[in-house]
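Residue numbers (the working numbering), protein chains in the order written: chain V, 99 to 456; chain B, 961 to 1289.
Among these hints, one or two may not hold up.
Capping the alpha-carbon separation at 25 angstroms, the derived lysine to aspartate or glutamate pairs in DMTMM-like fashion look like this [stated by the list, open to error]: (1) V:Lys227 / B:Glu1287; (2) V:Lys227 / B:Asp1169; (3) V:Lys248 / V:Asp144; (4) V:Lys401 / B:Asp1102; (5) V:Lys248 / B:Asp1169; (6) V:Lys227 / B:Asp1136; (7) V:Lys227 / B:Asp1102; (8) B:Lys1070 / V:Glu358; (9) V:Lys401 / V:Glu447; (10) V:Lys401 / V:Asp113.
Just so you know, the hints here were simulated from the structure itself, not pulled from any lab data.
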Amino acid sequence: MLYREAGDFKTSYRDDAQTFPIRFDRRGYYALLAVAAAVVPFVINDYWANAVFVPFLIYAIAALGLNILTGYCGQVSLGTGGFMAVGAYAMYKLMTAFPEVSVLIHVLLAGGITAAVGVLFGLPSLRIKGFYLAVATLAAQFFLVWLFNKVPWFYNYSASGQITAPERTVLGWYVTGPQTTAATKYLICLGFVFLLAWIARNLTRGTAGRRWMAIRDMDIAAEIIGVNPLTTKLSAFAVSSFFIGVAGALFFSVYLGAAEVGEAFGINKSFLVLFMVIIGGLGSIFGSFAGAAFLVLLPVFLKNVLGGVLGWPTDLAAHIELMIVGALIVGFLIAEPHGLAQLWRLAKEKLRLWPFPH
Amino acid sequence: MLPDQMLFAMEVTLNGLMAGVMYALVALGFVLIFKASGIFNYAQGVLALFAALTLVGIQQGQVPFAHLINAVFGTDLHHFGWTLPAVLALALTALVMIGLAWLIERLVLKHLVNQPAIILFMATIGLAYFLEGLGDVMWGADIKTLDVGLPQGISEAVETATASLFGYGFFIDRLDMVATVVAAILVLSLTLFSQYSRQGRALRAVADDHQAALSVGISLRFIWVLVWSIAGIVALVAGVMWGTKSGVQFSLSLIALKALPVLMLGGFTSIPGAIVGGLIIGMGEKLFEFFAGPLIGGATENWFAYVLALLFLVVRPQGLFGERIIERV
């Protein structure tokens, strides 16, 4: 009787169009936000922040970005790692060139730079479609990684070729560098996730989102009814790359602290984020979070079980982990090709009828 | 007498062409599966790695899963203590690959019929992860040398012949020459098989139209097992060549990434496209590295192929020999 629209009277169009039309959902959402913002920072420790929460939040941003491009606009991209690298290196260059400017602005600027690069590599999408495009985005991945490796300007001519985040503060709290506490790392990522998820949700249900979905469902038909493929596809690339750039900037500056491009932003990162989107659910904001949570938690869980409980040697555990991840992905695709978001949707439908399903 | 620079460029071109043949070997497996089932099989590179690992394991009489068994039961197994002749090991590995194809069809593809192409693509990436882990668990992750009696090293005959002709000896790897011959035989036999055998005709029918093929009584599932077996054997050939060249190790699975631009260039559905695409990519990247590499920092081979293919696709979206894409509302 909790999960009903009944009795929750909408008196304005604004109310009618809200994201959570069911009161229970709405309250759950506010409760979750309150716990995330007011409880977790006080109980979080370094292990939980570094192994679970911070990577989850950052990957959630990247997954949101890729979901906008692939799930909403239908353009499969394998260049996510490369775009994250753009975000990270833009962040590094900005942080070292303008130390007096707040890092919050740097993160957004890094996102903007990535958006510009994304548009550039999105241009071929007007000619190339489907898998040809997916493979073409690999060009971005390999070229960008090579570029950041080979041009010393990008890593400020450091001897190791690595980029290291200098120490910066927000409101007197360290957010980058070794003095950062688990709680501040977590909170800054949470802030960006909240902001970007809100933007993504509202973009995808507005005009822009409808254009993207029209292009995804059938681009020629969409063009005939007046959706401009040029601006639509490129805007999807721009918004998606902005998100991914922000994720890359945070990943480097807040989470890793120091990064080497081939290792941190290689092709595996592209596949990882794509898996998150697919397992979470294409074309779903909730799915981006669910997929990110699943693929961040799974390795942590497996590592603890295989290495910790069974006590197997680490290399063997790593290989078995690979097998289990692979098998789970295949199994998941067989069981529910529309992802965790679809399971969630079904559960909600059932809940609405519960306890009288007939 | 040709100038030295020119001769050197010629040598680079030749070597590039031969490297291209190696890429084409991997691309061939992709094309076969894509044609017959519309599946973009990312696992092709890992199949090659798995085949090479299995070949080495069988040949040297390793105990499969030794590492795992030792960890669980505290035993100390590693080898059976025999070595098999190369031919027998190759045949056994081919059998393993056919069994693997059957299992993949049974456990994965059967359940994913009629799913969108992206889901199938992701499933093959999952499969790639799984096989990568399985190969390592079965045979161990250390770098192995693969030796089935293929000639290696620089061919002296070519060197002396070109030295007497141009006054400059070309360095050509004998293994590359063997690979070229093997690739030619492979393509020829695949063409003959698909043109003149009953199964080959069925294969082409399936490639043309799944439903029409089903309605004339062709078993789709048998064809899929068949085509994955063939792709597995092609992967074995590629695995042998690459494994002999650079050792059997994880990086072998990354040759799939080299094969992708080859596919884009040649078209996803064309066997000659895979060969021609491979040759263009192989030659192009070697020449580019030779001329432009020193100017811009080298190691351009990682991305040049992709950028070349990308630029080419902008002009011709279906690749060189791909089927023309006709879109209707």
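Hints, one by one, checked against the model:
1. V:Lys227 / B:Glu1287: 11 angstroms, holds
2. V:Lys227 / B:Asp1169: 21 angstroms, holds
3. V:Lys248 / V:Asp144: 34 angstroms, violated
4. V:Lys401 / B:Asp1102: With a Cα-Cα distance of about 21 angstroms, the restraint between lysine 401 (chain V) and aspartate 1102 (chain B) holds, given a limit of 25 angstroms.
5. V:Lys248 / B:Asp1169: 47 angstroms, violated
6. V:Lys227 / B:Asp1136: Roughly 35 angstroms between the alpha carbons, so the hint for lysine 227 (chain V) and aspartate 1136 (chain B) is violated.
7. V:Lys227 / B:Asp1102: Cα-Cα ~40 angstroms, so violated.
8. B:Lys1070 / V:Glu358: 41 angstroms, violated
9. V:Lys401 / V:Glu447: Distance of about 35 angstroms is beyond 25 angstroms: violated.
10. V:Lys401 / V:Asp113: 46 angstroms, violated
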